[in-house]
Every structure is written in structure tokens, then in C-alpha cells.
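Residue numbers (our numbering), protein chains in the order written: chain V, 1 to 370; chain H, 1 to 253; chain Z, 1 to 256.
Rather than coming from a laboratory, the hints here were simulated on the basis of the structure.
Some hints could be false.
These stretches of chain H come out as covered by chain V in the derived footprint (C-beta under 8 Å, 3 or more residues) [what the hints assert, rightly or not]:
1) 174-186
2) 238-246
In silico DMTMM-like pairs for lysine to aspartate or glutamate, Cα to Cα no more than 25 Å straight-line [said to hold, decoys possible]:
3) Z:K75 to Z:E134
4) H:K191 to H:E202
5) Z:K136 to H:E92
6) Z:K136 to Z:E118
7) Z:K75 to Z:D183
8) Z:K115 to H:E131
9) Z:K115 to Z:D167
10) Z:K115 to Z:E180
11) Z:K115 to Z:E128
12) H:K191 to H:E131
13) Z:K136 to H:D160
14) Z:K136 to Z:E204
15) Z:K136 to Z:E72
16) Z:K75 to Z:D189
17) Z:K136 to H:E179
18) Z:K136 to Z:E160
19) Z:K115 to Z:E134
20) Z:K115 to H:E225
21) Z:K136 to H:E174
22) Z:K136 to Z:D124
23) V:K143 to V:D220
24) Z:K75 to Z:E10
25) Z:K136 to Z:D198
26) Z:K75 to Z:E128
27) H:K191 to H:E174
28) Z:K136 to H:D224
29) Z:K75 to Z:D124
30) Z:K136 to H:D164
31) Z:K136 to Z:D91
32) Z:K75 to V:D220
33) H:K191 to V:D220
34) Z:K115 to H:D160
35) H:K191 to H:E179
FRET-style restraints, in silico, Cβ to Cβ [to be verified]:
36) H:D164 to Z:D229: 51 to 61 Å
37) H:K70 to Z:Y242: 25 to 35 Å
38) H:L253 to V:V18: 45 to 55 Å
39) Z:G70 to V:R149: 24 to 34 Å
40) V:R150 to H:H12: 20 to 30 Å
This one's a predicted model, so the numbers in the text were calculated from it and none came from an experiment.
No residue lacks a Cβ here, since even glycine has one placed at the ideal position from N, Cα and C.
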Amino acid sequence: MHAPDGFIDVPVSAAAGVLAAGAIAVSLRGARRELDDTARPGAGGGVGADRTAPLAGLVAAFIFAVQMLNFPVAAGTSGHLLGGALAAILVGPYTGVLCVSVVLLLQAVLFADGGLTALGVNITTMALTTTVVAYALFRGLVKVLPRSRRSVTAASFVAALVSVPASAVVFTLLYAVGGTTDVSIGKVATAMVGVHVLIGLGEAAITALTVGAVIAVRPDLVHGARGLRQKLKLRVDGELVDAPETPESAEPVPAAARSPRRVWIAGLVTSLVLAGFVSFYASANPDGLEKVAADHGIDQRAEEHATADSPLADYGVKDVDDARLSGGLAGVIGVGVTVVAGTGVFWAVRRRRTADDERSETSSPAGTSV
Amino acid sequence: MGAGHTHRLHRHGDSPVHALPPHTKLAAVLAFVIVVVSTPREAMWAFAAYAVLLGVVAYAARVPAGFLLKRLLIEVPFVAFAVLLPFVAEGERVDVLGLSLSVNGLWGAWNVLAKGTLGVAASVLLAATTELRELLHGLQRLRLPPLLVQIASFMVRYGDVITDEMRRMRIARESRGFEARGIRHWGVLAKSAGALFIRSYERGERVHLAMVSRGYTGVMPVIDEVTASRAQWSYALALPCAALVVCLLGWTL
Amino acid sequence: MDPVSTASLEVSGLAFAYPDGHQALFGVDFTIGRGERVALLGPNGAGKTTLVLHLNGILGGGAGTVRVAGLEVGKRHMAEIRRRVGIVFQDPDDQLFMPTVREDVAFGPAAAGVKGAELEARVDRALERVGMAEFKNRPPHHLSFGQRRRVAVATVLAMEPEILVLDEPSSNLDPASRRELADILRSLDVTVLMVTHDLPYALELCPRALVLSDGVIAADGPTADLLADDALMRAHRLELPYGFDPRSVPAPPGRG
């Protein structure tokens, strides 16, 4: 999925590069905050220097290593993690973007994997889109679902599942604007999303299992599940009792927390259903050129090629050959992306208000210390 | 996608290309690839000229052709895509051996193949002639955010350590008779991945302590200053400049 | 000895609880004179690591004080303290975080502002002292474990510390590497505080030992005497290796 040079034209590659650079700049600041508030006893609380470089570096090395871990599917085929969703859930979206971007950068420079001019495109689709979509969806679901470990696993599954085709959608969009060949975008989208939904299933299963494994041992290390900490216990006369919650760790106002949750559920469900249905019927009527292709029997061959030769067929499952179905899926994913983007804007606006007092800290890039 | 990552591309050597400062090489390769990508696809001879230019560099760097060609295999997925293009692209069609192919698609396939191959070849030459840590120095000199370079250098330093841990876990699994054969074994593999994450993160914390103990305050001290003379710059930039001439000719002819 | 002028390290009344409420140190007092080699013994969970992390101000904020060469550990002198207290961590892979041995050894002095020829000379000197000079340009990952530990010592020596603190220096070393490291440590003219479970190693290298147990110093005296005190050893879960009798070992070279 690493796009090579010449796949996307120069202006769009450059624009994607600018976008990627901006995202990395924002993430460099965000990661500092993310990795610092994990400060745990004995591990760096009050140590007095930035933990971003070593921690993000090690997580990047982990992502790099885990991409080499083969998950056998059947009959000699195997799949492996892409890692964007996993990184976002485990260490947070900013650090996630940084880690995956660094992995992509080094893959391009050291292994010639993915073109240098396509680096912006690759970072945008594989680092930015996957982590942001996965994290937003994950947080949304964790808020909506009951507070338990199973919910975290389920949320990881859905987040990872959607993140992969979402990245394919973004790639298709980039291709639609800056593709160097005139291909029916509908067709590209169908093929890309179809294949990636299948890859997404594999990604989702592995991500959910991995997050589940971490949360079973070190729940405090799962960034996306911070709210799930067990209550402290006190040993009173040999029996364990719940410690009274300290004011700052207590949930702010339970009632206020519940109403946005309901809004979340309602919004998410309606938009997903709507998008699913609308795209399902919209894609039922293929446009003229696709029909021509179908009449010539080219469509058939093309689909076969797409699954047989594509490296993305790692998971070894057949394509979603129902155009309607994949169209519907694309719609659902599209809405997912939109919801995420909307929420992002909302958060950004809300954050601005609190950002003022932090500004002095973030504006000094090097010297921040605890 | 994943198979090639363990392969180290660097070839030790003392050719003039090896000796160039890393940031000049990085800049040269990037500029070269940009020029290649901007070349109109109809100027087929231009791509041949680019290939000759790279051939000259490979000769100067004493990188054997076989090595270079083998590494081009990383491109295979996109060859598959390129093969597909003439079938699915739109516009005017021609009949070749009874197949109806899109002219536009044929051009598109050529475009992706030619530019992609040249891009990979240029990157392979860069990686083959530049050591890992030199590349990092080069990225730093090219004004990448220092924090990003630090993250990258930690990744490079600990990539092997963590891959090794992963290998040891696999051996431990196999020693106990476990062999992953299908989806039902994913749980066990994922547990390993989870354990690997915890170890990596905790190691990150310990590394941070070790750094702080030696006076780290958030900025990496400068130990090696890589500098390039004007001659070295002009030597390195000869490649993209020659390519630019070819490209301009390609546009005007 | 006069504690103010010559002591490398003075710890007095040091108590510390982690933010989660777990208290690890309950008033630790001891003084180490310049040039002494002292072993810090104690069972797991006694607070040894917590104590070590106080010595260069990574942990702090509890009661009591730590002074290094008369300088109080605290925010004011943090950079100076971290230069003077060299901690060698247990896993050399954690300590050697730079791409090559040379850059790693240079990290500490460079962070303190040393540059150019002086930096190069420091690196060479430190590597020379641990016998690793010819490995200067190698990546740490390609060295053996024993070599990595020696380089880890060099990274700290390059900062020309007042006191060298070693966390389990002999762990995971084969006997030859263990002896080589002992020779190196003996040849150094710095103050050494060695945290270890390896009692014979402590006896070999350190004339004096401290026993940290339950967050306080439970014993302080000549290493041979402490190891020969069966009741003390049992009370603090310290055990000698099978067949090892400290009374039969000839007195180690060095100051007593």
C-alpha cells in the first residue's frame, strides 16, 4: 500500500506533503503532552525532561517490529498489522501519528519502500487517516459503551476495522484529484474499499486481541482506556474494601456525562444507517462507462486481477463482488470519516478556550519540563 | 509489504558516492525524483536518459547491477496495478491481441512503471551507499524537526533489540510446541504482540531515565557536525541537475 | 572522617513515598567518603532502586537531604549533580541508546557542553579505561553483553563523575567478563556505590557494605564482618552462594 513515485501527480503530492508536515508539527506538540501525563510513580514523575523522544522512538520500533509478525490465515497465506489503529489506541493519536510517520519515513529512506515524493501521500493515508479515524471512533465508542474491558476490546475492533478502509477512501480521494491515469473513480473506490474492508477485518481482529492482551496486564498503558482504572482497594481487617474516591479522580458530574453520550449514540447510529442505505441504492445504478466495461467483460477480469495479484490480498479472502454492498460500505466509512472530522473540529474549537494558559508552555519547543 | 523490511540495503564501500555527506545525497535523490515525476510521460527517451544517469551513479558507487535489480522487486505490487490499468482506464481504446485496451491506461501504466522504478532505484542507491546513522544525520541537517530525528534514531537503535525480543518469544512459543497455523491461533500471537508492546514501552521509560541521568534536558547534544563543501554539493547535485536538463528537453521537444 | 569536606555522598533522613502512597524509604542515613568503594546490599523490594534514583534527583520531594560532594541535590544544581553522579543501569541496552559506542560515550559530556577535541579526548580516555577503545565506531547492538556493560561504565566515566553508582554490575556476566569488570572497577580512582545481590562480588570489591532493609539502613560495616554475621544475614533475606564462606576468603586488596 506504500504508494511509489509517479502514482499521484506533483501538485497533489506536494499538497499531501504539506498536510503531512502540518500534522507532524501538531503531533510533535501533542505527543509531548500525551506521553507526559502518563507519568507514573517511579517511571519518570518529576524527572524533569521530555519523554517524547525515547518513548515514541521505542513505540515506533515496536510498530516496525510488529509489522513483521505474521498472522497465518489459511493455506500458506498470512497477514500482518499495519499498526495505525493499534498505535493510536495504545499511546494516543498524536504519538500514533508520529510513530507511524517515522516508520514510513525510514521505510522510504532505508528500504526504498514507498516513493520519496509520495511520502506525503503515504503519511496522510497510512499514518494520519488511520490513527485519527481509529482514535476518534474508539473514544466515541468507549464513551457510548458500558465501562468494561470487553467494551474496550470491541471498540478497538471497530476502530481498526474502519480505519483501514478509511485510509483507502482517502487514498482514492487523492487519486481522484491527482491520479496520473484516467480511471473511473467509482471503480477505484470500489476495488480499494472492497479489498481494504477485508484487510480491515484482519487488522481489527489482531488489534483488538493485542489491545486486550495489554489491558489484561497493564491497563494503565492503554492510552485510550484511561477512564477504566480499577478503584483502589483498602485492606480493612483482612478484607478488601473500595477506597473512597478522592475528589479529583471522581467523575465530574455523572448526569452531564450521560447526556452527550446519548447524543453520540443517536448521531452515530443515524448517520451510519443513512449513509449505508443511501450509498447502497446510489451504487445500484452503475454509471455509463462502468456499464460499458461490464458489457465487454472487462469488469469481470479486472476484479479477478485485483484480488489475485494485489499485495493487499494478504489475508487471502475473496473480493466483495457485490458492487452494491461495497458501495454501501464505502458510504458507511465515508460517514465515519465525516463524523470524525466534525468531532475533530468541535474538539479543536473547545480546546482553544483552554489552550491559552498552555500556550506559554507549548511555544518553547525544547525547554518544557515538569 | 512486510517481507522486505528486514533486508539491510547498505553496502559497505569507499566509493566517491559513499564518501559524500549524507544530506547532499538525500537532497540530490529527492530533487532527482521530483524531476523524474514532473517529466511528461510521452517523453519516453527522457526516462531512458534518467536510467542511464542512475546507471552512471551505480557504476561510480560500485553497486552491482544484480543487487540493484533484486531490490527493485519491492515494486512488484505496483507492477500488478500497472498491468491492470489498460483494462480499467477510460477513453479511446485499441485492440491488442484481441483485448480491448485503453490508450490512456497504457500511458498510465507506463507512467507508473517508469517513474516508480526510477524512484525505487534512486532510493536503493541512496540506501546502499549511506549508513543508517549517517542518513539520520543527513535528515537532521536538512532541517527535519530535531524531535522527529530523535524518534527516528531511537527507532533505528532499538528496532533490532525489539525484533530480537520478538524472535526470542517465537522460539519460546515453538519450544513449547506451539505453531501458529491459522486464525484460531491469533490470540496467542496477539498476546506476544501485547507483551512486546509492554516491554518496548517500559524500555522506553528506562532509556529515558538513563538519558536524564546523563544530563538530557530535551535537546540532543550535537556530537557530530556533518558539513559539506561546495565541491561536494556540486558533485551530489550533478545528478538532479543533469536530470533537470533532460526534463526540460522533455517538455520542449 | 570529616563528612562536610571530604564526603562524596551524604544521605540524611531520606524518606520517600510514591504518589500512589507506597512508602519505600523510611529515613535513610549514611555517608560515603571520597574514594571509598561501598556495596549496598538488601533483599528485593528493600528500596535500593528508589534510593539510587534519589542520588541524582530523578526522584525527590520526600523528607531528608542528599548531598553530593557538599552540593545538595535539588532543582538548583540539577545539571551539575547529574554530571557528578554517574549511574550505570542494570540493562546496558537501556543505557546505550545512541547509534554508536562513540556517540553514546560522548552523550553525557556533550550534554554538559563539552565540544570538539576535548569531547573526543574524553571519549577516548573513558573507552581506554574500560578497554573498549577499538570498538569506538561499532553499534552497541553488535557487542557482547559483557562488552556492552563495560561501554555503559565508560559512558558514565566520560562525565568524570564524583561518584559511580552501579546497579547490579555483575548480573548476566560470564565469569571472565565478571572478573574483567572487577579489574576495571578496582582500577578506577572514583568513589563507587555498588548495588548488588552478588555477595562474593561485593566482598571482592567493596571493603565496606550497607544493608538496606525495609527502607532503612539496617547495618553498616566492613563487608567481611557483615557477611559473616549469620543472624543479620538471615534477618534481611541475604544468602551466600552454596559453599561460600566469607571467613575463608583472604582480605581483598585496597582500603579497609
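Quick rundown of the hints versus the structure:
A count of 6 residues in the stretch 174-186 of chain H with a Cβ less than 8 Å from any Cβ of chain V is obtained; the coverage claim is therefore met, three being the minimum. Given as covered by chain V, the stretch 238-246 of chain H fails the check, having 0 residues with a CB less than 8 Å from a CB of that chain where 3 are the minimum. The hinted pair formed by K75 of chain Z and E134 of chain Z fails the criterion: a straight-line CA distance of about 38 Å is larger than 25 Å. Between K191 of chain H and E202 of chain H the CA atoms are separated by roughly 16 Å; this keeps the pair inside 25 Å, and the hint holds.
For the proposed pair K136 of chain Z and E92 of chain H, the alpha carbon gap of about 64 Å is over 25 Å, so the pair is violated. With a C-alpha separation of about 16 Å, the suggested pairing of K136 of chain Z with E118 of chain Z holds against the 25 Å cut-off. At most 25 Å may separate the alpha-carbon atoms for a hinted pair to count; K75 of chain Z and D183 of chain Z exceed this at roughly 36 Å. Note on K115 of chain Z and E131 of chain H: the hinted pairing holds, with a Cα-Cα distance of about 24 Å set against a maximum of 25 Å.
Annotation: proposed proximity of K115 of chain Z to D167 of chain Z is violated, straight-line Cα distance about 29 Å (limit 25 Å). The straight-line distance between the Cα atoms of K115 of chain Z and E180 of chain Z is roughly 31 Å, outside the 25 Å bound, and the hint therefore fails. At roughly 19 Å between alpha-carbon atoms, K115 of chain Z and E128 of chain Z fall within 25 Å of each other, so this suggested pair holds. For the hint linking K191 of chain H to E131 of chain H, the alpha-carbon distance of about 35 Å lies beyond 25 Å, and the restraint is violated.
About 19 Å separates the Cα atoms of K136 of chain Z and D160 of chain H, which keeps this hinted pair within 25 Å; it holds. Between the alpha carbons of K136 of chain Z and E204 of chain Z the distance comes to roughly 30 Å, so the proposed pair goes past 25 Å and is violated. At roughly 35 Å between alpha-carbon atoms, K136 of chain Z and E72 of chain Z are farther apart than 25 Å, so this suggested pair is violated. For the hint linking K75 of chain Z to D189 of chain Z, the alpha-carbon distance of about 28 Å lies beyond 25 Å, and the restraint is violated.
Restraint check for K136 of chain Z and E179 of chain H: not satisfied, since their Cα atoms lie roughly 41 Å apart, outside the 25 Å limit. Distance restraint check for K136 of chain Z and E160 of chain Z: the Cα-Cα separation of roughly 18 Å lies within the 25 Å cut-off, and the hinted pair is therefore satisfied. At roughly 22 Å between alpha-carbon atoms, K115 of chain Z and E134 of chain Z fall within 25 Å of each other, so this suggested pair holds. Under the criterion of a C-alpha separation no larger than 25 Å, the hint pairing K115 of chain Z with E225 of chain H is consistent with the structure, at around 11 Å.
For a cut-off of 25 Å, the pair hint linking K136 of chain Z to E174 of chain H is broken: about 37 Å separates their Cα positions. For a cut-off of 25 Å, the pair hint linking K136 of chain Z to D124 of chain Z stands: about 8 Å separates their Cα positions. In summary, the hint linking K143 of chain V to D220 of chain V is supported, as the alpha carbons are separated by about 18 Å, within the 25 Å threshold. In summary, the hint linking K75 of chain Z to E10 of chain Z is supported, as the alpha carbons are separated by about 17 Å, within the 25 Å threshold.
Using a Cα cut-off of 25 Å, the hinted pair K136 of chain Z and D198 of chain Z is violated, with the two alpha carbons roughly 30 Å apart. The suggested pairing of K75 of chain Z with E128 of chain Z is violated, with an alpha-carbon distance near 33 Å, which exceeds 25 Å. A hinted pair counts as satisfied when its Cα atoms are at most 25 Å apart, and K191 of chain H with E174 of chain H qualifies at roughly 15 Å. Proposed proximity of K136 of chain Z and D224 of chain H is supported: the alpha carbons are some 14 Å apart, at most 25 Å.
Proposed proximity of K75 of chain Z and D124 of chain Z is contradicted: the alpha carbons are some 31 Å apart, above 25 Å. For the proposed pair K136 of chain Z and D164 of chain H, the alpha carbon gap of about 23 Å is at most 25 Å, so the pair holds. With a C-alpha separation of about 20 Å, the suggested pairing of K136 of chain Z with D91 of chain Z holds against the 25 Å cut-off. Only pairs whose Cα atoms come within 25 Å are accepted, and K75 of chain Z paired with D220 of chain V is rejected, the gap being roughly 29 Å.
Under the criterion of a C-alpha separation no larger than 25 Å, the hint pairing K191 of chain H with D220 of chain V is consistent with the structure, at around 17 Å. The straight-line distance between the Cα atoms of K115 of chain Z and D160 of chain H is roughly 30 Å, outside the 25 Å bound, and the hint therefore fails. Annotation: proposed proximity of K191 of chain H to E179 of chain H holds, straight-line Cα distance about 14 Å (limit 25 Å). The supplied range of 51 to 61 Å is broken by D164 of chain H and D229 of chain Z, whose beta-carbon atoms lie about 43 Å from each other.
Taken as a hint, the range 25 to 35 Å is violated for the pair K70 of chain H and Y242 of chain Z, whose Cβ atoms sit roughly 56 Å apart. About 32 Å separates the C-beta atoms of L253 of chain H and V18 of chain V, a value inconsistent with the hinted range of 45 to 55 Å. In this structure, G70 of chain Z and R149 of chain V break the distance hint of 24 to 34 Å, their C-beta atoms being roughly 53 Å apart. Hint check: R150 of chain V to H12 of chain H, Cβ distance near 52 Å, so the stated range 20 to 30 Å is violated.
In summary, the numbered hints that this structure violates are 2, 3, 5, 7, 9, 10, 12, 14, 15, 16, 17, 21, 25, 26, 29, 32, 34, 36, 37, 38, 39, 40.
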